[in-house]
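Engineer: Single-letter residue listing:
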Amino acid sequence: MSILKSLSKYKEIAKINFKNSFVYIWDSLIGKSAFIALIIFIFSQIWITIFALKAVNTIEGFTLSMMVWYIVIAEAIVTSLGRIMITIGEEIKSGEIANYLNKPYNYVLYKYALTIGRGLFAFLLTFIVAGIVAYLTVGLPVIKLYIIPFVLVICFLAITLNYILMSIFGLFAFWIEETSGLYFIYQKFVFTVGGMLVPLEIFPLWLAKIGLILPFSYIAYHPAKLFVMFDFIYFIKILVIQLAWIVVFLSISLFIYAKISKKVSINGG
Amino acid sequence: MNKEKIVISINDLNKTFKTKVSEPGLRGGLKNIFNPKYKLIKAVNNISFDVREGELVSFIGPNGAGKSTTLKMLSGILHPDSGTIKVNNLNPQKEPQKLSYKIGTIFGQKPQLWFHLPPIDSFNLFSKIYDLDQKEFKKRLEYLIDRFEIGEYINQPVRKLSLGQRMRCEFVLSLIHNPKILFLDEPTIGMDIIVKKNIRELIKKINDEEKVTVILTSHDMGDIESIADRVIVINHGTIVYDDSFDNLKKNYVKKKIIKMVTENEIKKINTKEIKIIEKTKYSIEFEINTKKLSIHTVIDYLVKENKVKDISIKEPPIEEIIEEIYRREEIQ
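Residue numbers (this note's numbering), protein chains in the order written: chain A, 1 to 269; chain B, 1 to 332.
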């Protein structure tokens, strides 16, 4: 009962921020989407050229259409949360985090609910915009419609895992004071060994192997690959490992937060 | 109501902040990395007081005196270095979540309403956050909407409301879970005279009718003048005065500042009882000692002698009252 109640609390927080996101819909559409559309366009042109030069139908098992739609999904997941790590870092540095301490919720989960509300909105928006560009360059993806709900579950968990990892590095601001450097490094990890820019198969074998072990690939690579090469066993495998990573890192994040919240100091007049 | 019940009790509270001191220049920056220097700021120094149920306490002092720090320790946001705090029989540091159901907070600089959404959305959200029974919540909300007269605009986005309307909604939001104690940190900061008056009336009403214990901080004497029963003056982290407002006024507030703008050229005022702060051809600002000269007499005189365009009476700044308190203590 009490777990259900507290779930409904966080659901409500997510809902209100989802609603709040509509206020910025034009900002998002014009700014962010234009940028993502451009990225997808550039990548699709690169892949079209590479496939033409090599005169092959597949590269490492991916067709041209798969390659482009892979990036659509990976981009939509990774860009959906924005700079939440820096936001958390700044709230710790400025002491604003203290204002959350006397509310009946947990800061890490509260921020998650807020972020996921906006994140799901951003994910859908990016998917639509990037999807249109992909459609215009390589046509519709070759997938069966029934896989969509399964892929959505994996995308949702991917966004969740991304948030949790970023929350941990954001909380580090308590000790290191500046998180923008960490954010930069984190992002590059997701871009490369996470497989956001290209599928891991493109990398040298040893690097691909490392990428497969690290949690970052469960944010971008696996969900995107599942979309273009759906397989039920593969779905279950990703699901289980994603959930395991979520449990591990959420525990770490909550533990760090519990440590910090006892030591918060802010200046007051 | 049981006036004797103590709801807040703090004893020998201390809080020191440690801030990094950075030296200028590259050398200073490098030195800082290997040998960081810290400056200790004693924000709260050994303070103790009790608050009874239903009291309205004003916590006043200049900027940086330790008011907000104390309030933040009371509401479980900050941890004291030493001393004990009990709020509604709970330790705010050990059980901040449990306490959160019993207290409401308004921090003047930090609105809790969702800026782009209508207030009703925020109300609904808080009902979930505080695990309210939805039926009870509807009833409570209806009552508060009626009491605070906000029915007309609860469906408009907050950004389209005036500051006064927004503050009304902030108050409703902070009262939605029926808190026993309300902490208000600078609730009137940055507001014009009319909104301030409105807010003060609201606070009085909450205290009278809702039977909520209210602790508010302010550095504006006007706030205290119009609402407080009891005043605690804090300076450099120490309590320098803790008694009724009437006593404070009787003993320490002996001055008023009058500012007048006229259509005619102001003549010389021939009395030693006033101290001119600033005078131009058409305006004058001066201080009067209310023990020697009643406001009534002064205003009567001014209005008779001048074509008054605008006139205002201000309280002396809080710093002067504190000075007066210190002076008295030295004499004693």
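Think of the hints as simulated: they come from the structure by calculation, not from any bench. Every residue gets a Cβ at the ideal spot worked out from N, C-alpha and C, and that includes glycine. Heads up, a few of these hints could be off.
Restraint ranges, calculated between C-beta atoms of paired labels, are given here [said to hold, decoys possible]: (1) A:258 to B:39: 25 to 31 Å; (2) B:139 to A:15: 18 to 24 Å; (3) B:95 to A:234: 44 to 50 Å; (4) B:189 to A:93: 55 to 61 Å; (5) B:139 to A:152: 37 to 43 Å; (6) A:57 to B:120: 37 to 43 Å; (7) A:82 to B:289: 27 to 33 Å.
Covered stretches of chain A (in silico footprint by chain B; criterion: 3 or more residues with CB under 8 Å from a CB of chain B, positions within the stretch not fixed) [said to hold, decoys possible]: (8) 15-23; (9) 189-198.
Here are the simulated DSS-like cross-link-like pairs (lysine-lysine), alpha carbons at most 25 Å apart as the crow flies [to be verified]: (10) B:110 to B:180; (11) B:94 to A:93; (12) A:263 to B:20; (13) B:314 to A:103; (14) B:139 to A:263; (15) A:259 to B:86; (16) A:93 to B:139; (17) A:11 to B:86; (18) A:263 to B:110; (19) A:93 to B:180; (20) B:39 to B:20; (21) A:263 to B:267; (22) A:93 to B:42; (23) B:255 to A:11; (24) A:259 to B:39; (25) A:259 to B:250; (26) A:103 to B:39; (27) B:20 to A:19; (28) A:262 to B:94; (29) A:11 to B:42.
Engineer: Taking the hints in turn, state whether each one holds.
Structural biologist: Hints and how they fare:
no.	hint	result
1	A:258 to B:39: 25 to 31 Å	holds (29 Å)
2	B:139 to A:15: 18 to 24 Å	holds (23 Å)
3	B:95 to A:234: 44 to 50 Å	holds (47 Å)
4	B:189 to A:93: 55 to 61 Å	violated (23 Å)
5	B:139 to A:152: 37 to 43 Å	holds (39 Å)
6	A:57 to B:120: 37 to 43 Å	violated (57 Å)
7	A:82 to B:289: 27 to 33 Å	violated (60 Å)
8	15-23	holds (count 4)
9	189-198	violated (count 0)
10	B:110 to B:180	holds (21 Å)
11	B:94 to A:93	holds (23 Å)
12	A:263 to B:20	holds (16 Å)
13	B:314 to A:103	violated (38 Å)
14	B:139 to A:263	violated (39 Å)
15	A:259 to B:86	holds (23 Å)
16	A:93 to B:139	violated (40 Å)
17	A:11 to B:86	violated (33 Å)
18	A:263 to B:110	holds (22 Å)
19	A:93 to B:180	violated (32 Å)
20	B:39 to B:20	holds (6 Å)
21	A:263 to B:267	violated (62 Å)
22	A:93 to B:42	holds (20 Å)
23	B:255 to A:11	violated (56 Å)
24	A:259 to B:39	holds (24 Å)
25	A:259 to B:250	violated (49 Å)
26	A:103 to B:39	violated (31 Å)
27	B:20 to A:19	violated (41 Å)
28	A:262 to B:94	holds (9 Å)
29	A:11 to B:42	violated (42 Å)
Violated hints, in rising order: 4, 6, 7, 9, 13, 14, 16, 17, 19, 21, 23, 25, 26, 27 and 29; the structure is consistent with all others.
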